[in-house]
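Chains as they are written, first to last, in the working numbering: chain A, 1 to 234; chain B, 1 to 126.
Honestly, the hints are just simulated from the structure, not real lab data.
Don't take each hint at face value.
Said to hold, decoys possible - In the DSSO-like style, the derived pairs of lysine-lysine whose C-alpha atoms are separated by at most 30 Å in a straight line are:
#1 A:K219 <-> B:K98
#2 A:K2 <-> B:K120
#3 A:K2 <-> A:K102
#4 A:K2 <-> B:K98
#5 A:K2 <-> A:K219
#6 B:K98 <-> A:K40
Since we're looking at a predicted model, the values are computed, not measured.
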Amino acid sequence: MKHLIIIPAYNESDNICEVINSLDGLGRDFEILVVNDGSKDDTVTCARTAGRAVVVDLACNLGIGGAVQTGFLFAAQHGFEIVIKFDGDGQHLASEIEALLKGLRVDGVDVVIGSRFITEGGFKSTFSRRLGIRILEMVNSLCLGRRVRDNTSGFRAYNRQAIVFLAENYPAIDYPEPEEVVLLARNGFNVVEVPVRMAPRQGGSSSISPGRSLHYMAKVLLAILMTHLRPVVK
Amino acid sequence: MVFDRLLVVASLASLAFLFLVFELIRRRRLDEGYALLWLGCGLFFLGFSIWRKALDYLAELAGIYYPPAALLLLLILGLILVMIQFSVVISRQRHQIKTLTQRLGLLEERQDRLDESQDKNGSVKR
Numbered sequence: 001m002k003h004l005i006i007i008p009a010y011n012e013s014d015n016i017c018e019v020i021n022s023l024d025g026l027g028r029d030f031e032i033l034v035v036n037d038g039s040k041d042d043t044v045t046c047a048r049t050a051g052r053a054v055v056v057d058l059a060c061n062l063g064i065g066g067a068v069q070t071g072f073l074f075a076a077q078h079g080f081e082i083v084i085k086f087d088g089d090g091q092h093l094a095s096e097i098e099a100l101l102k103g104l105r106v107d108g109v110d111v112v113i114g115s116r117f118i119t120e121g122g123f124k125s126t127f128s129r130r131l132g133i134r135i136l137e138m139v140n141s142l143c144l145g146r147r148v149r150d151n152t153s154g155f156r157a158y159n160r161q162a163i164v165f166l167a168e169n170y171p172a173i174d175y176p177e178p179e180e181v182v183l184l185a186r187n188g189f190n191v192v193e194v195p196v197r198m199a200p201r202q203g204g205s206s207s208i209s210p211g212r213s214l215h216y217m218a219k220v221l222l223a224i225l226m227t228h229l230r231p232v233v234k
Numbered sequence: 001m002v003f004d005r006l007l008v009v010a011s012l013a014s015l016a017f018l019f020l021v022f023e024l025i026r027r028r029r030l031d032e033g034y035a036l037l038w039l040g041c042g043l044f045f046l047g048f049s050i051w052r053k054a055l056d057y058l059a060e061l062a063g064i065y066y067p068p069a070a071l072l073l074l075l076i077l078g079l080i081l082v083m084i085q086f087s088v089v090i091s092r093q094r095h096q097i098k099t100l101t102q103r104l105g106l107l108e109e110r111q112d113r114l115d116e117s118q119d120k121n122g123s124v125k126r
């Protein structure tokens, strides 16, 4: 089965090479795709130097949603059966990919989220960030009628149906993860969580600075509400 | 009378506005689709500037004591509508730019791969 690992990258020249190398241990049927989202640094060169990855270089910065969707378009076009979304900043661990795939092999599961909260396991964050994540958990749980704990985790695996659907309909906002959960569930995809470990960031700075988090929350909540009110696409 | 003078000024301003829009269309600086909206606005205000009774009637209907204020209110409402239309157009263009950027990125990647395989096969480089 053909697997594609999508790594959206914006100004990740410090981390991207290491991240690609960390995926070396995976077998032949794993391809790596780096989507450079109009970085201002050498992300493309670094990603190409690593050798193993296919690099799609976007001419201008689309925001993470647009970059990830490009990955799904690539996967849909080239007939990949499974997509794994992987962060370019070193937060996600190659060793945990198998946990996601195991979750995806369960009958009827379409999408697996690697969750930091299911088990006690070294997830520390600032108070405001945890509060935000908590609010998202409540809102999404209300929308879905069941609990999804880690809505902001970008570490996810998708089957073919979800790939084709997201290539067409991926949320175009800046921080699409929580909206993606509602969109998928609303369109009949079975989304489950599996516990994973994650590393703290290796370098660079998070894309969500404290000053922007209010703006972020407002935007995401509005997007979730609208997704919930829109007719089912599928 | 201040009242009359305002209406004269408003009529002249409306005419100048209509002329500006007209010129912009003639010089192809403004698409007809948006121009219609602006022409509509211009005619609307010209109409109200000249036909004073309509303005008085409208002001009375809306409970506005000073009729020219009704003209201003309409102007502001019109501007808000136009600005909303701009937001819609900007959003649509953003979406189109996103799609174009994605297609371009994917095509470039494909082209790179084709070039590489061509080089490997020893064909003539461009």
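| message | Checking one constraint from the list: CA of K2 (chain A) to CA of K98 (chain B), max 30 Å. Satisfied? | response | holds, 27 Å
| query | Given the hint that K98 (chain B) pairs with K40 (chain A), does the C-alpha gap stay at or below 30 Å? | reply | holds, 18 Å
| message | So if I understand the rule, the pair passes when the alpha-carbon distance is 30 Å or less; does K219 (chain A) with K98 (chain B) pass? | response | holds, 19 Å
| query | Can the restraint linking K2 (chain A) and K219 (chain A) be considered satisfied, given a maximum Cα separation of 30 Å? | reply | violated, 35 Å
| query | Within a Cα-Cα threshold of 30 Å, do K2 (chain A) and K102 (chain A) meet the stated pairing? | reply | holds, 15 Å
| query | When you check the alpha-carbon spacing of K2 (chain A) and K120 (chain B), does it fall within 30 Å? | reply | It holds: about 25 Å lies between the C-alpha atoms, which stays within 30 Å.
Violated hint for the displayed structure: number 5, the only one.
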